[in-house]
Amino acid sequence: MTGPRLNIAWLYADLMSIYGDRGNVVCLVRRCQWRGIDVAVREIGIGDELDPAEADLLFIGGAQDREQRLAADDLLARKAEPVREALASGASALAVCGGYQLFGHEYRDAAGTVLRGIGVFDLVTEPAAPGARRIIGNVVASPLLPGCEDAPNLVGFENHGGRTRLSVGAQPLGRVLHGGGNNGEDGFEGCVAGRAVGTYLHGSLLPKNPWLADWLLQAALTRRHPGYELPALDDTLELQARESAERRAYAAG
Amino acid sequence: MRVTLAILLGKLVGWLSRATGRGGGTSLPGRVALRVCPGLDARLAASLRRGVIVVTGTNGKTTTCKMVAAILRRAGFQVVRNVSGANLRQGLTTTLLAAAGLGGRIGADYALLEVDEAAVAHALRPLRPIALLVSNLFRDQLDRYGELSTTAQRLAESMAADLPDDALLVLNADDPLVASLADMGSGRPVFYGIDCVARSLTEADHASDSHECPGCGTPLTYQIRYGAHLGLWRCEGCGRSRPSPDLTVAEAALQADLTERVRLVAARADGASATSADALEASLKLPGLYNVANAAAAAALTLALGVDPPRVREGLESTSAAFGRLERVGMPDGKTAVLMLVKNPAGLNEVTRLIAESGEPRPAMIALTDEIADGRDVSWIWDADLERLDGRVGRVVVSGVRAHDMALRLKYAGMDMGSVEIIADTRAALARALDLAPAGGQVYVLPTYTAMLDLRARLHAEGLVPAFWEELE
Ligand SMILES: [Zn+2]
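Protein sequence lines correspond, in order, to chains A and B.
First residue of the first sequence: -9, per our numbering; consecutive thereafter.
First residue of the second sequence: 12, per our numbering; consecutive thereafter.
Same shape as in the complex, but just chain A (with noise of 0.2 angstroms):
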């Protein structure tokens, strides 16, 4: 008997990876291994195919702005047929920083540059008014994730210059309790769409906060494996780590 099988695409793993991403990657695997999952990474960079039947849960990161924009317009020419497809089929995603920004409608920059976004999240994105400061430093948030507002708050580190407007109606992540979060005004942090998380955390962010690394690989193994419960692990180490950084963020700014 087999275990079951999970396949996490990563969009613009050499470009668009930047705070750590790759942890959160790391994190995904790790936590499948612990389970028997059967769990294979495949790195989609520019002018790969994303094979919407194949990716179960998808990850992009954030990017310095040259690389963004060569990501961007390769997700838009290339894979935003396929991610909304992976999407509709069931298959989980998470998008941060960068990545976050391009799975909105609109991404403009301080230079004025407009990148169109694949329209994932229901927002957009703008830069600061002139002479505001990059949003930077340690952001604790309490879940609004539909049916995970009980679960810890979330801990992460933001440094983005750009101010995100989710649509009247558009699901937040979570209330910031400290930092700046989308946009350093409305007091929330990210975007949920289905099964589709945006967030300008890093840190990285699973590790710490590892029910939402859960969350998105129960969604995605759903997928494949109807019915199939994730077993529990022993997270004491995560959960101490949370809480430290916790402390932290409120001492240290």
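No lab work stands behind these hints, which were simulated from the structure alone.
Covered, in the sense of this in silico footprint (three residues per stretch, anywhere, with C-beta under 8 angstroms from a C-beta of chain A), are these stretches of chain B:
no., stretch
1, 383 to 394
2, 407 to 417
Pair ranges (Cβ atoms, derived):
no., chain 1, residue 1, chain 2, residue 2, range
3, B, GLU382, A, PRO120, 27 to 33 angstroms
4, B, GLU371, A, GLU116, 51 to 57 angstroms
5, B, ALA367, A, ARG59, 34 to 40 angstroms
6, A, ALA43, B, ASP436, 50 to 56 angstroms
7, B, ALA209, A, PRO117, 47 to 53 angstroms
8, A, GLN230, B, ALA285, 55 to 61 angstroms
9, A, ARG214, B, GLN266, 50 to 56 angstroms
10, A, ARG32, B, ASP206, 33 to 39 angstroms
Quick reminder that beta carbons are idealized off the backbone N, C-alpha and C, glycines included.
With chain A held as given, fit chain B with the ligand onto it using these hints.
Using the frame of chain A, we list chain B with the ligand on its own:
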């Protein structure tokens, strides 16, 4: 008169801040002196018998400067150096005025200045150096400096504006971003590089920045890769490739006693193939491929300045580790703590690679902190290949205010958590790691910047290490 007054006041402020014990006075004297005499730094630089040398790059600056200073002194030159970290204009001026007489002249041949890659304009504009060395450009504390391409861009702009055309420009050929600085057209480029297939990476290294051709953006291909984006690179898009080095490391072999045997070969100016007469062999007290690169940088610079090869060899061989970079500390119990500063993924990879290459699994203490000087964001530990430590390091004690983050990183790197302990206090953590080593054994100590300052201050109080300002010269 104004010059004399500025120097006098600057020296007085420096003396006062030392006498009152309020820090080493690394920037205040310069600030005061520049207020009194705005062009003082340029004037002092111009008084040097030979001129200013600036060393920049993300990693290895301090070590490279130590090697260059040792070589130049063996060759009979007098050299003035700055304290690492004091590299903004006021700090550089403090260094120069401390060495100057009241008449406004420095009685030395060279001022050798280590400058952060984001601060090079502070040195180039007023000081008009005769040589600029750029070692490498890695992702380092993005939350503080902004993004890597911005740093490279600013460095290039500063060079274009202020690097004299006849200045030596010593560049690492193995770093595509650094090598492309030769295209700015300022300075006389001299390249150094490493040609040791035996030391290339076997697995992909994940702390890679600048994967793309700096000229056209095409992903680079590598014939040999030494870690991160360093290696024998080539762009299939525009055809640019790693420049042929003027000085190459033909061999580098790590010895069991943690020394490094290197063979450096200078290219013939007429293009003829090099002979044994062009080779220089040396034994470095500083192991690891990154130190081999530092040695190549120092040799390329000093040979280009006209120093005789035997003096270059003596200087390289006499150099021991800079403050905390690979410092062997003899402990009262007869064991040795090997201190290795880690502050970014590339630096941490260099250290984990050295640990993996050195064979015998020894205990380690790793301290992770997130003060302003370290960078508040600890995400970078996920970009480093800690997987490499699995099975090649003994028991690990993690410490520092972000100890749990590091413990978690080790868990996801596949380490057996039964062999990882968390002890918040760095000195207590070191004591525990030493307990775990056999009699006469060594432990690896990997602290971030402020953890290193803290630990070293306490070891200094115990009389085990000199204070860093005493050690510099
Ligand atoms: Zn190219």
